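Protein chains in written order, with the working numbering: chain A, 1 to 153; chain B, 1 to 153; chain C, 1 to 153.
If you're looking for bench data, these hints aren't it; they were derived computationally from the structure.
Be careful, since some hints might not be right.
A pair holds if it fits inside one copy or across any two, identical chains being indistinguishable in the list.
[As the list claims (entries may be wrong)] Subject to a maximum C-alpha distance of 30 Å in a straight line, what follows is the list of computed DSS-like cross-link-like pairs (lysine-lysine):
| no. | residue 1 | residue 2 |
| --- | --- | --- |
| 1 | Lys-6 | Lys-85 |
| 2 | Lys-114 | Lys-42 |
| 3 | Lys-42 | Lys-117 |
| 4 | Lys-42 | Lys-6 |
| 5 | Lys-42 | Lys-85 |
| 6 | Lys-6 | Lys-114 |
None of these values were measured; they are calculated from a predicted model.
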Amino acid sequence: MSVYEKLADLSISLPAVVAPIAAYVPYVQSGRHLFVSGHIAKRDGNPWHGRLGADLSTEQGEEAARNAAIDLLGTLHAATGDLNKITRIVKLLVLVNSAPTFTEQHLVANGASKLFKQAFGAVGAHARSAIGVAQLPFGSCVEVELVAEIANE
Amino acid sequence: MSVYEKLADLSISLPAVVAPIAAYVPYVQSGRHLFVSGHIAKRDGNPWHGRLGADLSTEQGEEAARNAAIDLLGTLHAATGDLNKITRIVKLLVLVNSAPTFTEQHLVANGASKLFKQAFGAVGAHARSAIGVAQLPFGSCVEVELVAEIANE
Amino acid sequence: MSVYEKLADLSISLPAVVAPIAAYVPYVQSGRHLFVSGHIAKRDGNPWHGRLGADLSTEQGEEAARNAAIDLLGTLHAATGDLNKITRIVKLLVLVNSAPTFTEQHLVANGASKLFKQAFGAVGAHARSAIGVAQLPFGSCVEVELVAEIANE
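Based on the provided sequences and hints, a complete structural model is requested.
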């Protein structure tokens, strides 16, 4: 089953690539690697504000991380032209806007990690770090960056 | 002298690979690089809790970073089958759970950096960033992620 | 126009490589990639202290990020011997020492991003993540790390 069939099964439609609101680009290909910029979590097209452990629950954070992952899929589709060319989701860095007492960054990050597993199967199994940060651009609750490996031409 | 002899000299016995407690894998190989997931510092097998500048001293943080590095060595051994196949420790990202007043993240990170130099010699000299973060999964005091280069097959 | 001519146009003179004050090296080359250690922002040769949203304005943060980028250029020059060998600035990680209310990390990071675009043109267009962190080594306001791609020998 192709990645697109899996996404259809999950009722996920891919967004267009998210244009950066600052002086950088959404992704860079270098050799067989795609380095994808940090994507902030959105809800209804706007940054999803708030801090885990204060304004948002772990479940909301997990949904936010999943939303960021869907946007990352949109960017990966734009970068590759075909998500099936991706041979591995290599690594995620998941940044969680955290109150000083919040210690479930790994559960929040699962929102992104599980989606990559669902969409890509074994190709989606990735290395990862999850971190509680002091703030994020636009007050976003979650930001996710990614390295992916693509097939040799 | 092999890496294992150096570790024996340091009285370090390698732990088994640390199984992630979330939806990711401990490492991914892509080309000649191993991308290793963030490993949290442990003490007596449990997450080493606390915040630098509040609950823990810089010396304790340095010991925690060294502990995380030992776990990373266990994962690298599992990934390669032979640590001597590693041709370079490329880069560390050292995340230090920090009170707002704590500014010695670089000294904490040295706990990991020095161990890689001791174990690998020149091969262990790496690029690095050390950061003070708001929190870490499980309330851990330190988390370390790593990129290593391995020999061509 | 070479990178050096562009830097001269900007009246930027490159500093010598910044020697790490801890147990790591300023950069590691692995294959065609240079992994450059986090460089903290300096002013008049000393760490530029302070927290965005408390002690420093966004404009000062942007200048600090630009200063860190100039030091990164010095390190890249030392690493390559010729900045024109750089075929791509691949990725920045921009760490901004942030009060809990500060949400303009992306504007601070532009101070580094814009300089790479000015110095390298299309080669300088990079992926990026900007993060608000709890603290940084020496109380620095900004730290920037970088991955660059260099030409095949």
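Okay, the hints, checked on the actual structure:
no. : hint             : in the structure
1   : Lys-6 - Lys-85   : within (15 Å within a copy, 38 Å between copies)
2   : Lys-114 - Lys-42 : both (18 Å within a copy, 26 Å between copies)
3   : Lys-42 - Lys-117 : both (21 Å within a copy, 28 Å between copies)
4   : Lys-42 - Lys-6   : within (22 Å within a copy, 38 Å between copies)
5   : Lys-42 - Lys-85  : within (26 Å within a copy, 38 Å between copies)
6   : Lys-6 - Lys-114  : within (13 Å within a copy, 39 Å between copies)
Comparing the model with each numbered hint stated earlier shows that all of them hold.
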